[in-house]
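These are the residues of each chain, in order.
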Amino acid sequence: MNCQDILVSPVDAGVLTITLNRPARRNALRNQTLREIGEVLADAAGNPEVRSVVIQGNPRCFAAGADLEEMRHLDAVGLQQDERPALWRCIDEFGKPLIAAVNGYALGAGLELVLHCDLVVAGKGALLGLPEIKLGIMPGAGGTQRLSRQIGQQTAMKMVLTGEPVTAERAYELGLVSQLCVPALTDEYAFKLARQIAVQAPLAVQAAKAAIKACQETSLSQGLRQERQAFVWLAGTEDRNEGINAFLEKRAPHYRGK
Amino acid sequence: MEYQHIECYQEGAVGVLVLNRPAQLNSFNELMHQEVAAVLKAWENNPEVRAILMTGNGRGFCAGQDLGDRAVNSGEIAPDLGQSIDRYYNPLIKRITGMPKPVICAVNGVAAGAGANIALACDIVIAARSASFIQAFCRLGLVPDSGGTWLLPRLVGRARALALTLRGDKVSAEQAREMGMIWQVVEDDQLQSEAMQQAQQLSRQPTYGLGLIKQAINSAADNSLDEQLELERDLQRLAGRSEDYREGVDAFLNKRTPEYKGR
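Keeping their order, the protein sequence lines are chains S and E.
Taking our numbering, the leading residue of the first sequence gets 1377, the next gets one more, and so forth.
Taking our numbering, the leading residue of the second sequence gets 637, the next gets one more, and so forth.
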């Protein structure tokens, strides 16, 4: 695949790494960038070699927002017809684990991309925020929804209405980040986490991810029913037998995604 | 670049920053803050600068905030002191403590108020015998800022920190050293040469590793032992990948003097 805005590393130990690569624009997420991420993820969804995916930026910047040049010319009708929501949906619909490695700035659309990920590893001192309000606009890619569901109304209101970012340390306390580390090791530790997940049974991982994501869509009783269904469904997989047998026989399991 | 209230130059790999408003005991006004910030920011990312030496011109090191900027007339509303702290003092303290290379302070005379705490925020503090430290804030009805209330109890213990900040006593260089507030006292006429020699010596060491040590020590006060052990592991992992580490081991094994590049 030929990408302008991102670098895609060869699959390593089941992990595919996507690097946002428009440093001169502080990795601003234009439509092209999202399209490329979506295409790579669609490809990865069908590739059994890929067990988990890391999205990272550079040491100074994960992504500093949307591309304002691209957005400023769009009027209400233009925005209405914009393909952008569909591009975000492609990322949201990716069924394998998606891990964000965040250093430096993750602002606006950058934080919304982080919120699309299942796990977040962040370097200390990174800044995460939704500064849209300072531009007379508001988050438009799930920022108000995903952020308030993850960290609660008070903190979400404060972040969205003032536009002030929080540090990675604070984001960790808020539950927005699963792991904090020394910035120079963020990408490496995100990769490590991705690899740790990549050795698990792929179907179980995907079912578990879907079950947790369903949390935001359904009532508890409905969620519990869906969880049970997925749990029962996994009993039909070879990997489930392999996993339990390997445990009882005190050996490492060999999962095949079947 | 020309500066009005500071002097700065490089001697070898040492960046020297001299506070230079001697008539006002080098007290800070806005312009001086901006100049100091610009220099430190430039040095932070400059690999040619591998140690920083801060000192003052004249008989004082720094008398903190220039109160001439702060005349309060009875009829007027109170100035917002929090604003200059937000804008200048706090970023300065963070810049010094976060500097990924050693910062040495040669305290040439009185260090009062924020001036004392700026000196104490440096990594190695060497004072002239006639220098002194005063937490003068209490005398004006203020609270020690620039990290004073955080740093002092860690340096000298709670009992002494409280007495020093509530009484505003003048502490001599020798007393400060005895309390563990500073590292060393030297004779007045030897201060600059001694501080420069130590800075030069540090500037030839494995700078990247020294920066990591500083980060570890400065993080310790906030971390639990478990967290600190993890941080040490992470920083050691990084240090172990540095060129200087290879050079150090190689020099040791081959019984030669290492030549560190600071990376």
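It should be emphasised that the hints constitute simulated quantities derived from the structure, not laboratory data.
Yeah, the Cβ is synthetic: ideal placement off N, Cα and C, and Gly gets one too.
Just to be clear, a hint being listed does not mean it is correct.
Some, not all, of what chain E presents toward chain S, calculated at C-beta under 10 Å [what the hints assert, rightly or not]:
| id | residue |
| --- | --- |
| 1 | Asp702 |
| 2 | Arg731 |
| 3 | Gly734 |
| 4 | Ile849 |
| 5 | Gln851 |
| 6 | Ile853 |
| 7 | Asn854 |
| 8 | Leu865 |
| 9 | Glu866 |
| 10 | Leu874 |
If you anchor each label on the Cβ, the simulated ranges turn out as follows [claimed, not checked]:
| id | chain 1 | residue 1 | chain 2 | residue 2 | range |
| --- | --- | --- | --- | --- | --- |
| 11 | S | Gly1422 | E | Ala673 | 29 to 39 Å |
| 12 | E | Ala673 | S | Glu1540 | 39 to 49 Å |
| 13 | E | Cys774 | S | Gln1592 | 45 to 55 Å |
Against the structure, the hints come out as follows:
The interface hint given for Asp702 (chain E) is violated, since its Cβ lies 30 Å from the closest Cβ of chain S, which is over the 10 Å cut-off. A least Cβ separation of about 13 Å between Arg731 (chain E) and chain S goes past the 10 Å threshold, and the interface hint is therefore violated. Taking 10 Å as the C-beta contact cut-off toward chain S, the hint placing Gly734 (chain E) at the interface holds, the least distance being around 9 Å. Taken as an interface hint, Ile849 (chain E) does not check out: its beta carbon lies about 13 Å from the nearest beta carbon of chain S, beyond 10 Å.
Given the 10 Å rule on beta carbons, the hint for Gln851 (chain E) holds: about 8 Å separates it from the nearest Cβ of chain S. The closest approach between the C-beta of Ile853 (chain E) and any C-beta of chain S is roughly 15 Å, which is over the 10 Å cut-off, so the hint fails. About 12 Å separates the beta-carbon of Asn854 (chain E) from the nearest beta-carbon of chain S, more than 10 Å, and the hint is not met. Because the beta carbon of Leu865 (chain E) sits about 13 Å from the nearest beta carbon in chain S, more than 10 Å, this interface hint is broken.
Because the closest C-beta pair between Glu866 (chain E) and chain S is about 9 Å apart, less than 10 Å, the hint holds. With 10 Å as the threshold, the beta carbon of Leu874 (chain E) comes within range of chain S, its nearest partner Cβ sitting at about 5 Å, so the hint holds. Range check, Gly1422 (chain S) to Ala673 (chain E): Cβ separation about 53 Å, and the 29 to 39 Å hint is violated. At roughly 21 Å, the beta-carbon separation of Ala673 (chain E) and Glu1540 (chain S) lies outside the given 39 to 49 Å, and the hint is violated.
Distance hint check: the CB atoms of Cys774 (chain E) and Gln1592 (chain S) are about 53 Å apart, consistent with the given range 45 to 55 Å.
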